[in-house]
Amino acid sequence: MPNRSAAPPFTAEATIGPFYPGAFLAHIPQDLWTVAPLVAHHPAGQPIVFVARFVDSLKRPVPSLVVEFWQANAYGRYRHPLDRSDAPLDPQFDGFARVRTSDDGVARLVTIKPGAHPVNSDGGGGGAIRAPHLRLTIFASGIDRLVTQVFFDDEPLNQSDPLLQSIADARVRDRLIARRQTESGEDDAIEYQLAIVLRGDDETPFFDDWQPSGGGPSGA
Amino acid sequence: MSPGRFLPVVVNDRESERRTPAKPLYRIPDAARDPFTPCPPLPPLRAGENDLTRLAPGRPQAGGEAIAITGRVLDEDLQPVRRTLIEVWGANARGRYSHVIDAGRNDAPLDPNFYGFGRLLTDDDGRYHLRTIKPGAYIARKDIGWWRPPHVHFSIVGSGVRLVTQMYFPEEPLNEKDYIFLIVPETDRSRVIGQPIASADGDRSFRFDIVIRGRCQTPPDLD
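For the record, the sequence lines run as chains A and B.
Using our numbering, read the first sequence as starting at 387 and increasing by one per residue.
Using our numbering, read the second sequence as starting at 82 and increasing by one per residue.
If you are wondering where the hints come from, they were derived from the structure by calculation, not from laboratory data.
Incorrect hints may appear among the rest.
[Claimed, not checked] Below, computed lysine to any residue pairings styled on SDA-like, alpha-carbon distance capped at 25 Å:
hint	chain 1	residue 1	chain 2	residue 2
1	B	104	A	561
2	B	104	A	419
3	B	104	A	559
4	B	104	A	581
5	B	223	A	449
6	B	104	A	454
7	B	215	A	445
8	B	215	B	226
9	A	445	B	221
Please construct the entire structure, taking both the sequences and the accompanying hints into account.
Laid out in structure tokens, this is it:
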């Protein structure tokens, strides 16, 4: 292991700006139910649509925001070389998508409900169980990269999730819990909704994934 | 737990003022910390995607000065970030983006031979090489005379690392007046300025090395 007492010469992050090319969106999956037109494709698990509405400090929608979603498959396994769990990979599910918000600040993630999973022991988690959640990386004009995680209001494991419960204030925790909608949409999918407030009194909690030394790298 | 970092607001940038979280970031507790930054399978690239100076191989060259940018992408252990996607985009020589959002706010002309975006992969040593047109400066806010200096946007995604940054050019007087450049801590500013190097192929060339927090993981399609 290289000596890490001196901070490496990290490159500063910057805003994505207003002009992120739409072509880049077309190159990365935006819909995890579909790989290509006319292909029968059925990832395991409960189909869901997560509808996130992004607003600023004036409660105005944030258009052209780019959000990357990352998640475990229905069995709680990530397609990631460091996930050594016994849960199976799903050959039809990679669990990564990138979408852009519409003019009304809404991003729709068409996916499946992720499974619960133990924390990878390399991370020092000691076997705690993570409730089903989506991991979000957010880019927009005016801000640098933001990361957070979104939970589901019909999951009892939320009560013991180590990340969610690390937030002391229940009102703040609530801002990370998407609400199941009774009138659900396409096919047999369940829709969940959540407002993500970038700044303001009811601001969404975002996480610091620049780890102190020794903790190893992390994504929120 | 003590709070995490506090994100500064870019002064005079209304979007930054309205979108930057006001509270410090929350720390990730050890019990929830895992090493998963996305490591998604990435799509194959076409030939010539790393040459932004032409719409496609064999097509006419865009206006302005063709330049080369080259460097290495390294992780927090200074190990190469291998075979990982770099997305790059910028304005044309007159300071105009091809993005439709720029149509309403920029009087500078489009260049029919320049889209201003490209993609490339790092090699097994984390090296990359691209060609583009040196971007022009453009005015960000007319009411206060804020000009953005010439800059090229970089996004690196995959292999367990994620970074979005902007590369600036040396000896540009606008750098020191640009609020987005000035939010970079003073000690880190030299690292976001491309360094002139000897040209290999006739283009004026710049070296831009990138160091990202996180550890490069072997992409799943190479595992």
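Tested hints:
{"no.": "1", "hint": "B:104 to A:561", "verdict": "holds (14 Å)"}
{"no.": "2", "hint": "B:104 to A:419", "verdict": "violated (36 Å)"}
{"no.": "3", "hint": "B:104 to A:559", "verdict": "holds (15 Å)"}
{"no.": "4", "hint": "B:104 to A:581", "verdict": "holds (17 Å)"}
{"no.": "5", "hint": "B:223 to A:449", "verdict": "holds (22 Å)"}
{"no.": "6", "hint": "B:104 to A:454", "verdict": "holds (22 Å)"}
{"no.": "7", "hint": "B:215 to A:445", "verdict": "violated (38 Å)"}
{"no.": "8", "hint": "B:215 to B:226", "verdict": "holds (22 Å)"}
{"no.": "9", "hint": "A:445 to B:221", "verdict": "holds (24 Å)"}
Of the numbered hints stated above, those contradicted by the structure are hints 2, 7, listed in ascending order.
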